[in-house]
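Chains as they are written, first to last, in the numbering used here: chain A, 1 to 385; chain B, 1001 to 1075.
Don't take each hint at face value.
Taking CB as the label site, the calculated pair distances span [as the list claims (entries may be wrong)]:
{"hint": "1", "chain 1": "B", "residue 1": "1005", "chain 2": "A", "residue 2": "101", "range": "37 to 43 Å"}
{"hint": "2", "chain 1": "B", "residue 1": "1039", "chain 2": "A", "residue 2": "311", "range": "45 to 51 Å"}
{"hint": "3", "chain 1": "B", "residue 1": "1063", "chain 2": "A", "residue 2": "189", "range": "31 to 37 Å"}
{"hint": "4", "chain 1": "A", "residue 1": "101", "chain 2": "B", "residue 2": "1039", "range": "47 to 53 Å"}
{"hint": "5", "chain 1": "B", "residue 1": "1039", "chain 2": "A", "residue 2": "337", "range": "42 to 48 Å"}
{"hint": "6", "chain 1": "B", "residue 1": "1016", "chain 2": "A", "residue 2": "114", "range": "27 to 33 Å"}
{"hint": "7", "chain 1": "B", "residue 1": "1056", "chain 2": "A", "residue 2": "119", "range": "26 to 32 Å"}
Just so you know, these hints were derived from the structure itself, not from any lab.
Note that this is a predicted model, so its numbers are computed, not measured.
A virtual CB, placed ideally from N, CA and C, is assigned to each residue, including glycine.
One letter stands for each residue in the lines below.
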Amino acid sequence: MKYVDEFRNGELARKLTASIAGEALNGHRYELMEFCGGHTHAISRYGLGDLLPHGVNMIHGPGCPVCVLPIGRIDLAIALALEHRVTLCSYGDCLRVPASHGLSLLKAKAQGADVRMVYSISDALQLAQKNPQQQVVFLAIGFETTTPPTAVAVKQADALGLMNFSVLCNHVLTPAAMLAILANQAGERLHGFVGPAHVSTVIGSRPYETFAFDHGKPVVIAGFEPLDVLQAILMLLRQINTGRAEVENEFTRAVTPDGNRKAQTLMDEVFELRDSFEWRGLGTIPHSALKLRQRYVRFDAETRFGLEYRTVPDNKGCECGAILRGEKRPQECKIFGTACTPDNPVGSCMVSAEGACAAHYTYGLKNRFQRRERRGAENAEKIQE
Amino acid sequence: MCLAVPSRIEQIIDGETAIVDFGGVRKQISLALVDDVAVGDYVIVHVGFALQKLDEDEAERTLALFAKMGSTECA
Ligand code: SF4
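Start from the sequences and build out the full structure, keeping to the hints where you can.
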């Protein structure tokens, strides 16, 4: 597949890892955070962590939209479905996130709620058009990648004069989360960021300049393929070793300094900043999320149904908060892979393929199995000799 | 959710919608967020919307950079 296969070339990957090994200074520690769940997924899937030399550590960031949604927000969606009897639509992963009282949207569906998994917000809009008697609410989540599609849908609903469509808005902002990470204990020991791929196609590379210039943390924006990630790590090491802190862009095939202006204009037209928003793991962060502007407030489900947000603590055994802050690794959670698995998630990080726990569980096991098989084959060869 | 692959525009239905080839699967997507895309272009598709067009020249440059950065004499 074009733009995919050539960025997964094994030969080049070996050369890049050799360069990384050559660049890493002996006895030096490089603590690098990949902000995006997409990168976390790539690192786990291709076992990139194992290819890195001693001293180069990848720390998973909070850039997984499903993971950072706190329980209280899912509870609102469940209340809409169970009590207000709306048709609740959302992206697949959201339906499995554990909420209060042992519920999830999927379990609410089993209790008779009308919960639908959709691929796109456009599907929810169509559903509303076809069923004018039924209130349809879209549980909107995500960073700056899913926000422009929500803006388009809200404008369409407005143009169509739809009275039975609204959005439970949970759109959050990447730079605000990066700032929150730096304010945390894990942030201090970070030496640089692998910057988001798809988020940056929308917001561009400029919004990261503050992290380089004001916080002294190099940022290299990278694509989601394994060679992209390796190249970004190499570029980060070179910045760190030469004492530079800049924003560099490895993903120039899709990211420009200014990003997608059309998408930004649409977002700005439809959304405004919330004063504050609660994130899982990162706490309440000022100006870190969006809500609908007054002009579009009739499409805001929180207003339409008079919803009140309530903070709900995470499950006691769950370490998602510390993992999202970059303080812990999935394996450090006591119930990782035992009581908590992708089939039966206890925390949100085990739900989506971009969640750190799910990525480690799925690919950690597989990679270990493959390594064992390889070792087994090598041993078998030796035995035959 | 973020794990989209670049898709090739197969057909533009009207200014706002297109059919893409998603690694063998044909899918209808919205073009509301991008300008100037044509059949044959590759776009990053996210939750049913094209987010950005891929730049072929830049992709070539990045691949050339891998080869260069990955070579030992440059290290
Ligand atoms: S393993 Fe499960 S419970 Fe533990 S941190 Fe990960 S998601 Fe939370």
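Structure-based check of all given hints:
no. : hint                          : verdict
1   : 1005/B with 101/A: 37 to 43 Å : holds (38 Å)
2   : 1039/B with 311/A: 45 to 51 Å : holds (50 Å)
3   : 1063/B with 189/A: 31 to 37 Å : holds (34 Å)
4   : 101/A with 1039/B: 47 to 53 Å : holds (51 Å)
5   : 1039/B with 337/A: 42 to 48 Å : holds (47 Å)
6   : 1016/B with 114/A: 27 to 33 Å : holds (29 Å)
7   : 1056/B with 119/A: 26 to 32 Å : holds (28 Å)
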